[in-house]
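Residue numbers (numbering that gives the first Met the number 0), protein chains in the order written: chain R, 0 to 60; chain G, 0 to 60; chain P, 0 to 60; chain S, 0 to 60; chain H, 0 to 60; chain C, 0 to 60.
Note that these hints are calculated values from the structure, not bench results. The structure presented is a predicted model; accordingly, all values stated were derived computationally and were not measured. Treat the hints with care, since some could be wrong.
Within a straight-line C-alpha distance of at most 25 Å, the following computed SDA-like cross-link-like pairs (lysine to any residue) qualify [to be verified]:
hint	chain 1	residue 1	chain 2	residue 2
1	C	35	R	21
2	G	47	R	53
3	S	47	R	8
4	R	47	S	54
5	S	47	S	18
6	G	35	S	33
7	C	60	R	28
8	R	46	S	9
9	S	47	G	36
10	S	47	G	59
Here are the simulated distance ranges between beta carbons [stated by the list, open to error]:
hint	chain 1	residue 1	chain 2	residue 2	range
11	P	25	G	10	45 to 53 Å
12	G	13	R	59	33 to 41 Å
13	C	34	R	36	28 to 36 Å
14	P	60	R	14	46 to 54 Å
15	G	37	H	10	37 to 45 Å
16	C	47	R	36	29 to 37 Å
17	R	29	S	37	16 to 24 Å
18	G	36	P	12	38 to 46 Å
19	H	13	P	53	15 to 23 Å
20	G	13	C	9	37 to 45 Å
21	S	36	R	29	42 to 50 Å
22	P	55	C	34	38 to 46 Å
23	R	47	C	59	19 to 27 Å
For every residue, glycine included, the Cβ atom is placed at its ideal position computed from N, Cα and C.
6 protein chains.
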Amino acid sequence: MPVVTIKMIEGRNDDQKRALVTEVTDAISRTVNAPKENITIIIEEMKKEHYANGGVRASDK
Amino acid sequence: MPVVTIKMIEGRNDDQKRALVTEVTDAISRTVNAPKENITIIIEEMKKEHYANGGVRASDK
Amino acid sequence: MPVVTIKMIEGRNDDQKRALVTEVTDAISRTVNAPKENITIIIEEMKKEHYANGGVRASDK
Amino acid sequence: MPVVTIKMIEGRNDDQKRALVTEVTDAISRTVNAPKENITIIIEEMKKEHYANGGVRASDK
Amino acid sequence: MPVVTIKMIEGRNDDQKRALVTEVTDAISRTVNAPKENITIIIEEMKKEHYANGGVRASDK
Amino acid sequence: MPVVTIKMIEGRNDDQKRALVTEVTDAISRTVNAPKENITIIIEEMKKEHYANGGVRASDK
Numbered sequence: 000m001p002v003v004t005i006k007m008i009e010g011r012n013d014d015q016k017r018a019l020v021t022e023v024t025d026a027i028s029r030t031v032n033a034p035k036e037n038i039t040i041i042i043e044e045m046k047k048e049h050y051a052n053g054g055v056r057a058s059d060k
Numbered sequence: 000m001p002v003v004t005i006k007m008i009e010g011r012n013d014d015q016k017r018a019l020v021t022e023v024t025d026a027i028s029r030t031v032n033a034p035k036e037n038i039t040i041i042i043e044e045m046k047k048e049h050y051a052n053g054g055v056r057a058s059d060k
Numbered sequence: 000m001p002v003v004t005i006k007m008i009e010g011r012n013d014d015q016k017r018a019l020v021t022e023v024t025d026a027i028s029r030t031v032n033a034p035k036e037n038i039t040i041i042i043e044e045m046k047k048e049h050y051a052n053g054g055v056r057a058s059d060k
Numbered sequence: 000m001p002v003v004t005i006k007m008i009e010g011r012n013d014d015q016k017r018a019l020v021t022e023v024t025d026a027i028s029r030t031v032n033a034p035k036e037n038i039t040i041i042i043e044e045m046k047k048e049h050y051a052n053g054g055v056r057a058s059d060k
Numbered sequence: 000m001p002v003v004t005i006k007m008i009e010g011r012n013d014d015q016k017r018a019l020v021t022e023v024t025d026a027i028s029r030t031v032n033a034p035k036e037n038i039t040i041i042i043e044e045m046k047k048e049h050y051a052n053g054g055v056r057a058s059d060k
Numbered sequence: 000m001p002v003v004t005i006k007m008i009e010g011r012n013d014d015q016k017r018a019l020v021t022e023v024t025d026a027i028s029r030t031v032n033a034p035k036e037n038i039t040i041i042i043e044e045m046k047k048e049h050y051a052n053g054g055v056r057a058s059d060k
């Protein structure tokens, strides 16, 4: 039942995303004792123009 | 004022989305007594590569 | 796999929330053809001080 | 540490988004006394078909 | 129609939250040309134990 | 810059949450090559009455 959303800037390849999902699921299952089949992960990619820190977008740095 | 987000894998057509929004708005209005005009619904589509359950993405099943 | 978040101001009772979840699940299942067991709903309650429209919070109206 | 998500219908140009991010960061920093470098803003654009109010999508109005 | 979520660590007082909501609404309205009455803001407070940066929670620093 | 939200039913203790945050940060950093200091994690706890699967809330099972 943990529902996880990972927002990150676009650009990772398919192997990285597969590994991300596998290892984050493992880490959650191990630390909070949740069966893996109950863990949902959603990846949300952002464009550099849509992410800002300190008032400056990643595309403007 | 209920603000609803529905995340689902892409692939539904326009008629399905229109019906989804109409009927979910009705269901909320009826059950929690909120005027329809106060209900906001946002649909967010995910690619199969970006949704995982049990550590395996929908695109890898 | 639809993952639904419903944010609303606190104050509904348990029966209303149960009905909300049942009927929204039905509406989604029917309109986008998703098996009910794949539908997850999360209710998130807000205090009136934490919800604003038009720059004015519900608690200040 | 404030993490801000702004969901809006697509169509704003790059200058508008840059200004949006700059001025919202300023407004938050000023009102809740957070250092700007701690403020993260994510813009999420929606298609008109994916946003509804009162049960009617923006694309159907 | 912009829907804004601001997640921040708990501890701000009511005046700060009122000013936050007023000034962020103004900043959005001005920069992306949205009527104020279409702007919704939701504040979500986090406990220090529930926010982490660099793998360390705010409560452990 | 990955921003991660983990929604789960309340009830984990402080040690579990600390381990959760540490290990998920490690897993993300390792798989998508992000510096740890850029990774933000937010834990959001839900009551059993506010989480439903298949139209039935965890509190009604």
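The hints, checked one at a time:
no.	hint	in the structure
1	C/35 / R/21	holds (18 Å)
2	G/47 / R/53	violated (33 Å)
3	S/47 / R/8	holds (23 Å)
4	R/47 / S/54	violated (33 Å)
5	S/47 / S/18	holds (23 Å)
6	G/35 / S/33	violated (37 Å)
7	C/60 / R/28	holds (22 Å)
8	R/46 / S/9	holds (13 Å)
9	S/47 / G/36	holds (17 Å)
10	S/47 / G/59	violated (31 Å)
11	P/25 / G/10: 45 to 53 Å	violated (21 Å)
12	G/13 / R/59: 33 to 41 Å	holds (36 Å)
13	C/34 / R/36: 28 to 36 Å	holds (32 Å)
14	P/60 / R/14: 46 to 54 Å	holds (52 Å)
15	G/37 / H/10: 37 to 45 Å	violated (30 Å)
16	C/47 / R/36: 29 to 37 Å	violated (19 Å)
17	R/29 / S/37: 16 to 24 Å	violated (30 Å)
18	G/36 / P/12: 38 to 46 Å	violated (23 Å)
19	H/13 / P/53: 15 to 23 Å	holds (18 Å)
20	G/13 / C/9: 37 to 45 Å	holds (39 Å)
21	S/36 / R/29: 42 to 50 Å	violated (33 Å)
22	P/55 / C/34: 38 to 46 Å	holds (41 Å)
23	R/47 / C/59: 19 to 27 Å	violated (44 Å)
Violated hints, listed in ascending order, are 2, 4, 6, 10, 11, 15, 16, 17, 18, 21, 23; each of the other numbered hints is respected by the structure.
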